[in-house]
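If you use our numbering, the sequence shown corresponds to residues 12 to 168, in order.
Hint data in this document are derived by calculation from the structure and do not stem from the laboratory. From the three backbone atoms N, C-alpha and C, an ideal C-beta is built for every residue, glycine too.
Pair by pair, the computed Cβ-Cβ distance ranges are: (1) Y38 with Q161: 37 to 45 Å; (2) A77 with G100: 18 to 26 Å; (3) S118 with G37: 38 to 46 Å; (4) T69 with R140: 50 to 58 Å; (5) C129 with E73: 35 to 43 Å.
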Amino acid sequence: MFDSSALASPVIPSPESVTELLVRHGYRSTAPRRAVVADVLARSRPFTAEEVVGSLRTRAPEIGRATVYRTLELLASVDVLSRVLRSDGHPAYIAGTPGHRHHLVCSDCGEAVTFSACPVDELIRDLSRDTQFRIQGHMLEVFGLCPACQPAVQGGG
12 MFDSSALASP VIPSPESVTE LLVRHGYRST APRRAVVADV LARSRPFTAE EVVGSLRTRA
72 PEIGRATVYR TLELLASVDV LSRVLRSDGH PAYIAGTPGH RHHLVCSDCG EAVTFSACPV
132 DELIRDLSRD TQFRIQGHML EVFGLCPACQ PAVQGGG
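Start from the sequences, fold in the hints, and give me the full structure.
Given below as structure tokens:
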């Protein structure tokens, strides 16, 4: 039985706290990096690097595509962003609470709900034992229709 207390409302850190975190990890606080941080923390749904590039193109055209991609990978490495897969199979990111988490993703609108329960922990242990793999991590995205999208899809429209 699933424990609904495992559903987590993501706690989105402030841009300032993320900048401080990066500095503590030895990274510089640059204006382009701060702009990327502010952009991604304002997003409530999974997003791609290209969506961030497009968003920043109008507000900060001096920020290049490579800077966006590097900053997103950096933010994922310090656990500010999670890598997720969209229902179409394309990779994306989502900001939220640091730590081990999984996501329910609406196949229609992209809304994502974070949950912390990990139903595959035992499977991971068994796989590691049986295959001698040193498993370094896993991802779990569950796709479906959020309550807001169900009526439109069921009604055919």
